[in-house]
Structure formats: C-alpha cells, structure tokens
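Undergrad: The primary structure of each chain is shown beneath.
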Amino acid sequence: MQKNPVLEVTDLKKSYGETVAVNGVSFSVRPNEIVGLLGPNGAGKTTTINMILGVLRPDGGRIKIEGKDIAQKRSEALERTNFAAVYAQLPGNMTVFQNLYIFGLIYAVPDVRARIETVMREFELAPFRDVKCGVLSSGEQTKVSLAKAMLNNPRLLLLDEPTASLDPSVAEIARRKIKRFAHAGTAGVLWTSHNMHEVTDVCDRVLFLSRGKILLEGDPRTLPRKHHKKDLEELFIAVAREPLSLETVRS
Amino acid sequence: MKPVRIYAIFLRQLYLIRSNFVRFFRLFIWITADILLWGFVSNYLNAAAGARFSFLAVFLGAMLLWSFLTQVMQGVTMAFFEDVYARNFLNIFGSPLLVSEYMVGFMLTSIMTSGFSLVVMLFLAGIFFGFSILAYGLSFIPFLMILFLSGIALGIVGVSIVLRFGPPAEWFVWPIPAILSPFVGVLYPLSVLPHWMQFIGRLLPPSYVFEGVRAIVAGGGFSSGAFVVGLFLSLFYIALAYGIFLLVYRKAVRTGLIARYSAETLT
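Chains S and D, in that order, give the protein sequences.
Position one of the first sequence corresponds to residue 12 (the numbering used here), numbered consecutively onward.
Position one of the second sequence corresponds to residue 7 (the numbering used here), numbered consecutively onward.
These aren't lab readings, by the way, just hints derived from the structure by calculation.
Among the hints, erroneous ones may be present.
Derived coverage of chain D by chain S (criterion: at least 3 residues anywhere in the stretch with Cβ under 8 Å from a Cβ of chain S; other residues may be distant) [said to hold, decoys possible]:
{"hint": "1", "segment": "17 to 28"}
{"hint": "2", "segment": "182 to 189"}
{"hint": "3", "segment": "257 to 264"}
Label-pair restraints from in silico Cβ distances [said to hold, decoys possible]:
{"hint": "4", "chain 1": "S", "residue 1": "V31", "chain 2": "D", "residue 2": "V10", "range": "36 to 42 Å"}
{"hint": "5", "chain 1": "S", "residue 1": "S180", "chain 2": "D", "residue 2": "R266", "range": "32 to 38 Å"}
{"hint": "6", "chain 1": "S", "residue 1": "G103", "chain 2": "D", "residue 2": "K8", "range": "23 to 29 Å"}
Since this is a predicted model, take the numbers as computed values, not measurements.
Ideal Cβ placement from N, Cα and C applies to all residues, glycine included.
Okay, chain S solo, but in the shape it has when bound (with noise of 0.2 Å):
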C-alpha cells in the first residue's frame, strides 16, 4: 500500500507583476522519499518553497503537509516541518546552544535540551556549543543550520541547497545523514541544489522546473538516458538553454 504523501502541492501558482514565477505546479513528496527540485536561476524553485514554508502566499493551488492546509492549519502543518537554506543561517549574535534552543522551543520540541546535544553530536557541533553563530566559518553555520532543521524530527523538510557552503568532505557527510535520516524515519524530503552529482546521489526522483513549469519527472539515475543526455548534468544544461526542445520531446 502506497503511504500518504507528507507533501501535496496541487495547481500551484504566483506571479509577481507580468512575471510568472510558478505556473501551475503539482507534485508530491511521499514518507522516504528525497524529490530533488532542480531548475535554473529563476525557474521558481524558492518561491516554491517559500509557499510550502507559508512566508509568501500563493496565488492559486493549494499545499497541505501531513493532510493539512497550510492556508487555514498553517502552524498544525508546520510544527512537523522544518527547513534549511543557504540564505536563512541563524542569528549570527547568539551561541549554537542558544539558537538551537530558541527553536526547539518555537517547534515545541519534548525534552528539548537532550535533542540538542543529540543534533549537535550528529553535526559534530559540540566543541562549538557556546560559540556564537556569527563567527563561525560558513560551511560550519550551515551545519548548524541543519541541526536546527532536524532538531523536531520533521516529517518534511525542506533544503534550499543545504550544501552549497560546504567542502566536500562535510558536504558527502551532511548527504549520507540527510539520506539516513529520511530513509530511516518517515519524513519526507524536498531538496534543491545545483550540484548535479549530488543529486543523483541522493535523490530518489527529480522534478526539472523551467519558467514556473514542472518540464521533466523521473528517476535522476534514468532520466538522463530517456533525453538522450549523458547525465543529469548534461540535462541541466538542457533544460536551462532549449527548455522548448525538451518540452516537445515530452509530449
């Protein structure tokens, strides 16, 4: 039996003045699932997550996490959310415990102090416990940025390019536990990222966006092939520059 999805986005649409930004999107994210977001500069993809994150309301569509709509249940869908982005780090002017702290308790989370210490070993954040944000070097803010986004154990969560300030290293790391985390559990993930081998490596399917339109789906291992691409780089690229060719090859 198939699970309920943790996402659903139906019809979802915003456009800001002539410009559309997001033209009628639908797709869903089920229970272990990773749905990779991929599209250009501008294809609509953080708009897309800042509707799901209930910051920008659509123009049409409606999404519901977890059976719930976030037009009308916006704090009941997102006390089992959680995000991170590369443009959304934690207030520089506080300690990691602190800024943990703060949103473990606007999420409500139970026996916030053990989950703490329990994110912060899992992001080998504890040598920095009481330092604060600010001055941490980028790749280490991003982690803790990410530990705050596991810290209520959410059953969707939403990535805008978790990894684009990271090494390789910490970069591969931060994959193998997001991977685990949400094969492990039963949540749900929304990723976004330019970084084309990462996602073939960690997601599970790819939804291509181009000019606020879903133009491609599938599984980023096979996709490529049925475009007549030798990667999901090569795809990229594809549907960056002649968006129109792939769009006829599609219907």
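With chain S's structure known, arrange chain D on it following the hints.
TA: Here is chain D on its own, set in the frame of chain S:
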C-alpha cells in the same frame, strides 16, 4: 497560542541583552541623561520661583513618565529590529510561530526592559534630586498602566512601519515619541495649546495621564474620568495597532517581502 513559543521570543531577547553590554547600556543611558537634565532644570526653576511651586513634581516627574512610555515602545521595536538586523525573518515566519505569539513575546520583553529602566529612573531621581514618584500618591500606578499600553501600541505601529517600508524606515520610528510629545502636554496643560493641537491631544491617551497627574500635584486628587478615557483609548489603539500590523504582515506575505527580507542585504 502556545506559552512556550512566547517564552522563546522573550528568551531570545534576554540572551541578547545578557550577551552584550551595549544592549544593556541602551536600557539606561538615555533615561539617565533625561533625568539629570530635567532634574537640574527643575531644581533651577524651583530656586528661581521660590517655594510657590514644585517643578520637580511637574517637570522631572512628567519626563520620568514620558521616558517610561518611550522605553516601553522601544522594548517592542528593538526586539523586532533584532530579527531585522539578523535577517531572521525566514526562520521566524517559516516556523509554527503565530503572529500573535510573536507580538506577545515582544510585550513581555518590553515589560522586562521598561521595568528595568523605570527602576533606574526612580533610583536616579531619588538619589540626585530627592524626588519620589510616591509624591503623586499610589494613584500614579493606574496612569503608568495607560502609558505602558500606549507604548505597546506605538511599538507595534513602529514595527509595522519597518515591516512595510523596509529597514531604512527605521528612522521613522525613533522620533515618534518626540513628535507626539507636544500634543500630549507632557510639561504643560493642554489648555495652552491651539485648539487644533488640543483636539489631537485629546485623542491621545498619554494626555489624560499628564492632565491627571497635574491634577494630583495640584491637590485635586485622582481623576477617575481621565483614567477611564485614557485606558479606553489606549486599549483601542492597541487593537488598532495590531490590526495595522496584521494588514502589513499579510501584504508582506502576499508580495513576498518576508521572504526577500532574508535574501536581501539590509544594511
């Protein structure tokens, strides 16, 4: 509303104040300057006028109360500015936190910071000028509540201005108390103002506080009429300010302003 989330907002501000002496310094540097300035002005006027009138009770006391209102307002706005400066909007508004929890957290913060400032002001006024607010009798306490509520309303309006127009609009917020002060008659009765200014003054709750306090100093006793009108108006303005904030917040969510606050350089 979940109390634990409100506590989180309060605790964040407590961490920030504890971690940096500059934030702590802010709580008493301006009020110290105000108390000293108006204390010495009052002393000078007392000496010049003889014993006919207590300028300490009228000037120093009034400035102390006005500074309290300013501190309450800044307690709310500074708490919000911390999230602006730290580009923390996406983390905050992308969480289960309710807008009402966020605002109540700011109010608690303001109770803490303005309460501390009030204690410092009372201490300085007592030490340097032998002035005790008890000169007004215990009836000043209800008036203090009106000032607190008015400060919260102004703070929420300040937050709304910055959320609507962006961080550069911060400079709009700081002069708000100074702009209002001529209308509410901090240092003089409303009757000395031109009619149009009196009209505006009567719409502002602090004017009832200062008129009421002056009545007490003049030996007229506690004016329950001034208190009731002032309290009603301050509650009305809190509701209005919160309504304005909700409108601004909803517009920010519709236009993508909340999301952009995190992505943009704010300096």
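Undergrad: If a hint holds in the structure, say so; if it does not, say that too.
TA: The hints, checked one at a time:
Counting residues of the segment 17 to 28 of chain D whose beta carbon lies closer than 8 Å to any beta carbon of chain S gives 6, which reaches the threshold of three, so the coverage claim holds. For the segment 182 to 189 of chain D, the proposed coverage by chain S is not satisfied: 0 residues have a C-beta within less than 8 Å of a C-beta in that chain, short of the threshold of three. Chain S is given as covering the segment 257 to 264 of chain D, and this holds because 5 residues of the stretch bring a CB closer than 8 Å to a CB of that chain, at least three being needed. For the hinted restraint 36 to 42 Å between S:V31 and D:V10, the CB-CB distance of approximately 40 Å keeps it satisfied.
About 33 Å separates the C-beta atoms of S:S180 and D:R266, a value consistent with the hinted range of 32 to 38 Å. Separated by about 27 Å at the C-beta atoms, S:G103 and D:K8 satisfy the suggested range of 23 to 29 Å.
Hint 2 from the earlier list is the only one contradicted by this structure; the remaining hints agree with it.
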